[in-house]
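Using the hints, position chain B against chain A.
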Amino acid sequence: MTTRQWLLSASPASQMQARLGRAYVGWQSFRQNRLAVIGLAIILLLVLVAALADILAPYDPLASDLTQRLRAPGDGFLLGSDGLGRDILSRIIHGSRYTLMIVALVAITAAPVGLIVGTAAGFLGGWVDTVLMRITDIFLAFPKLILALAFVSALGPGIENAILAIALTSWPPYARVARAETLTVRGADYMAAARLQGISRTRQVLGHIAPMCIPSLIVRVTLDMAGIILTAAGLGFLGLGAQPPLPEWGAMIANGRQFLLDQWWVATMPGIAIFIVSLGFNLFGDGLRDVLDPKRGQ
Amino acid sequence: MPMLEIEYLNVRFSDTPVLKDVGLAVPRNASFGLVGESGSGKSTVLRTVCGLVDDWDGTISVADRKLGAKRDLAFYRTTQMVFQDPYGSLHPRHTIHRILSEPVKVHRLGDTEARVAAALAQVGLDATFRFRYPHQLSGGQRQRVAIARALILEPQLVLLDEPTSALDVSIQAEILNLLQDLQQRLGLTYVVVSHDLAIVAHMCETVAIMNRGRVVETVATGALGDTASLSPYSRQLLVASKGYDRAAVDRFVDFE
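Taken in sequence, the protein lines are chains A and B.
So in the numbering used here, spot 11 of the first sequence is number 967, and the numbers just go up one at a time.
So in the numbering used here, spot 101 of the second sequence is number 239, and the numbers just go up one at a time.
Only chain A is shown next, with the shape it has when bound in the complex (with noise of 0.2 Å):
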C-alpha cells in the first residue's frame, strides 16, 4: 500500500490516519492554486533566509564603513550600501528575523485571544457578550496605526512594544469573526446534542465550537499577516518601533529617506522586501481560504 492510499483510505484505522488524510485532502486541493504555492514558497524562503541569515548574510549588517557609503548596487555591493555604509542585503537578510519575528508573535498572541474573547461572547450571550463586545467595539473605533501609536508612546519605543503594541490592536476583528461563527454553530444539532451527553461548557466551547471558528480564523490572520508586517513597518519608520542600529525594514525605510531622490536604492530595497513577503501572506492566505473555508461543503 502506498502512502497516497494510506492516506485517502476511506477507512482509516486510527485518529492519526484520519486527520492526516483530510490534511492531504487539504493538501491537494491547495495545489491546485498556483498563486497560493507561490505564497508558500516566498513565506518558507522567508523562514530559511531568517534561520541561516547568519550563513546567508556576505557582510555584518552592523558595520559601518563611512568610506564605502551609499554605493549603488552591484558596485561591491549586490544592492547597494546605506548612509552608514553598510550592506543592504545583509541588513535585509538579517532583517527578515524581526519581520518573522513580529508576524509570529502577533499571530499566537492576537488569535486565541480573539478566539477566546469571540467564542465567550457568542456561547454565552447574555450581559457576557454585551460587555466583551463593547470592549472590542470600542478597540475598532480607532484606526489600527493610530491606536498602537498611542500604545507605543505611553509603553516607549523599541521592537518589543511595538509588537506588544500590535497585538494589542489586531485581536478585536477576531474576536468579531469568531463570535459569528459561534452564533452560527451554536444552535446547531450537534451542539444540543453534546448537552444531552452533559459536556461541560468549557469543553463544549474549546472541543465543539472553537474548531468551527479556527479555519475562518486561521484565514482571516494569514491576510492580516500583510497589514501586520506594514503596521510594523509604519511603526519603524515613525522611530517608533524598532531602534537604530537594528535593521527592521521599515526603520531602514526611513533611513533612506534623506536620500531618496538621488540614492534611491536605500529606501526602494527594504521596500520591495516588504512587498514580497506581504504579497506572500495575501496570497497564501487567499489560497488557504479555499481549502478551510467550512462553508465550501464537503
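By construction, these hints were calculated from the structure, which means they are not laboratory data.
As the structure is a computational prediction, the values presented were derived from the model and not from experiment.
Glycine included, each C-beta is placed from N, C-alpha and C at the ideal position.
Since no wrong hints were added, every one of them can be taken at face value.
Here are some of the chain A residues that sit facing chain B, going by a computed Cβ distance under 10 Å: (1) A966; (2) Q973; (3) A974; (4) R978; (5) M1147; (6) R1151; (7) G1154; (8) R1159.
Short derived list, chain B residues pointing at chain A, Cβ under 8 Å: (9) C188; (10) Y214; (11) D223; (12) H229; (13) Q274; (14) R287.
This is chain B only, laid out in the frame that chain A set:
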C-alpha cells in the same frame, strides 16, 4: 410506575405559550407516540424533558425522579435523544470515534475502546466506520451513528424526534427496524415524535395527539381505525394523513 410522567407542563417562548397543561404517562419498555401538525409543540415536549428548554413549569418525572430546573450528569445516563436531521446532529469536524468516545470519557465509564466498538456493532456498523468523518457517511449511516451515540450511555428512556423523516423511504424501514430491535434487546422506553401516523401506528402502542400546545387525546394505536370514537380534531388529522384530497381539505376546520 411509568418511566416518564408529565403533568401540567407549560412552556412559553417569550410570552407565546407553546405548551399548555400537557400531561402524559409512558410506561416502562413501551413506545409512546406524539403526533400533530407542525407547530403543535410535539418536539418542544421532548426538548423540555431533556433539558434543552430552560423556561418551563409543571412536573416531569423520569424513572420516578422529579426533574429540577437543571439536569445533572446522572440524568443524561437515563435519558437520551435522537435528532431529526442526521446531517446536522453530528459534529462535522469530529470522527465517529470522537463522537462516540467523548460521552464515555465525560461520564468516566472507562473501557472506551471496547464501548465504542460495541456501540458501533450494536447499530450494525462495522469497525471500518470508526475513524471516518460524518461527511464520509450516508444519511442512514449517520442516523445509525446518532442512535449509537444516544445508546452509548445506556439510557432507559430514548426520545426520538422524527428519527426517519430526513431519510430516504428505503432507509426509513431499516432504521425503524433497528430501533424496534434495540428496544427489545435493551428494554428501552421510546417516545416517538412524528407527523407520520403510519410510523407511529407501526411502532407505538399508545399515541397522544397534539394540537396548538395541548394534548387533544391519548388513544391506543389500535383504536385509530375506529374513527367514530375519536375526537373531531383527531379524525381530521387522520383524514389529512391519508394524502391530499381537495374536497376533504375544504371541509377542514380550525380547532382551538
